[in-house]
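Listed in order, the protein sequences are those of chains A and B. Using my numbering, you'd call the opening residue of the first sequence number 54 and step up by one each time. Using my numbering, you'd call the opening residue of the second sequence number 4 and step up by one each time.
All the pointers check out, no bait thrown in.
The following label-pair restraints were derived from C-beta to C-beta distances:
1) A148/B - D69/A: 55 to 61 Å
2) V90/A - R145/B: 46 to 52 Å
3) R145/B - T83/A: 46 to 52 Å
4) R79/B - S87/A: 45 to 51 Å
5) S39/B - R96/A: 28 to 34 Å
6) G84/A - P252/B: 21 to 27 Å
7) S135/A - R145/B: 56 to 62 Å
8) G225/B - E82/A: 26 to 32 Å
9) L198/B - S135/A: 35 to 41 Å
Far from chain B, by Cβ distances over 12 Å, these chain A residues were calculated:
10) P67
11) N88
12) R105
13) L130
14) G159
These aren't lab readings, by the way, just hints derived from the structure by calculation. Just so you know, even glycine gets a beta-carbon here, dropped at the ideal spot from N, CA and C.
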Amino acid sequence: MARSVIHMPATARPGDIIAVRVLVQHSMETGYRSNSVGEPLARDIIRRVECRFDGETVFAADLFPAIAANPSVAFYLRATRSGSLQVEWRGDAGFSHTDSARLQVG
Amino acid sequence: MRRVATGLALSACLASAAAQFIGTTLQRRSGFDDMSPALQAMQRDDTQNPAWLWLKGGEKTFDADCARCHTNTQLRSVATRYPAFDSLLGKPVTLSGRINLCRQRHLQREPLAAESDELIGLETWLGWQARGLPIAPPADPRLAAARSKGENLYRSKFGQLDFSCAQCHDDNAGRRLAGSTITQAHPTGYPIYRLEWQGMGSLQRRLRGCMSAVRAEPFGFGSDELTALEMFLAQRAAGMPIETPAIRP
Numbered sequence: 054m055a056r057s058v059i060h061m062p063a064t065a066r067p068g069d070i071i072a073v074r075v076l077v078q079h080s081m082e083t084g085y086r087s088n089s090v091g092e093p094l095a096r097d098i099i100r101r102v103e104c105r106f107d108g109e110t111v112f113a114a115d116l117f118p119a120i121a122a123n124p125s126v127a128f129y130l131r132a133t134r135s136g137s138l139q140v141e142w143r144g145d146a147g148f149s150h151t152d153s154a155r156l157q158v159g
Numbered sequence: 004m005r006r007v008a009t010g011l012a013l014s015a016c017l018a019s020a021a022a023q024f025i026g027t028t029l030q031r032r033s034g035f036d037d038m039s040p041a042l043q044a045m046q047r048d049d050t051q052n053p054a055w056l057w058l059k060g061g062e063k064t065f066d067a068d069c070a071r072c073h074t075n076t077q078l079r080s081v082a083t084r085y086p087a088f089d090s091l092l093g094k095p096v097t098l099s100g101r102i103n104l105c106r107q108r109h110l111q112r113e114p115l116a117a118e119s120d121e122l123i124g125l126e127t128w129l130g131w132q133a134r135g136l137p138i139a140p141p142a143d144p145r146l147a148a149a150r151s152k153g154e155n156l157y158r159s160k161f162g163q164l165d166f167s168c169a170q171c172h173d174d175n176a177g178r179r180l181a182g183s184t185i186t187q188a189h190p191t192g193y194p195i196y197r198l199e200w201q202g203m204g205s206l207q208r209r210l211r212g213c214m215s216a217v218r219a220e221p222f223g224f225g226s227d228e229l230t231a232l233e234m235f236l237a238q239r240a241a242g243m244p245i246e247t248p249a250i251r252p
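Whenever a hint applies, use it, and build me the whole structure from the sequences.
This is the structure we're talking about:
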């Protein structure tokens, strides 16, 4: 199973607005639930998503317990130059995952 | 006299046709048609569908293991045909059963666990190849016995609540069970991403869920009973387009 999927066009013309959708596999355990014998389940969520285009932060978001499992985040970018979009997810229990996709402009 | 005989033959014909399509003579509806517009939008737009996590994993497994023998165009319609008869085992097998048999016979590997991410991923990937194609259960006569066993199971009452599948999904489809619309139970989109599970599952997981809901002891994964039920459901939904990977509430 893939840990993450980035949906965005591979090519764009200069000035185009492109949609980026990033999906990551994560249980997003809220910390408010208990298991079958009544013990509380520790919170285990993604706390932050950061997207950088060739190192420059173009989008970032804080996530909270009310967000469903396998969170999907969407945003828009104006394509100005070719480069690589890097997405980083960080969370509880040392969770960290990065994925990247190329954009060709021109 | 001849007219009477023709009349009898015709009515016998009609009766058997009706028996074959009980519950399907009314307009058949996929579970998709009974979902909220928001969920329908989520299924229509592949970039919003969390099933892509499993599908991409399945694609990777296919390229690594299966692509030695198969190509995806060659396997395009496979998901429309299963369960199908396996001559070595001498009984029908489901699509996930076939994947595991292929692993054991040709790759000499251990079978994948039922509902494991890897198995669901491959099944999802195969289903996605067949998306839009009509469900086409094979006309193999060796399947007839299991299919009619499936129909019997569909109409048998189960569990402490003493319900059959047909009582909800034929007799009361379209009405409501608490907050949810009762669907006609056509297996058009499996494996599905089910919001209640916050993950993906097979048709057998769904059937087992229904069995627990009527407080029956569910049949095991890969059991002949669940395979028979799958076969009857595929026959009942024959011709409906495959939606895999579908979203369900």
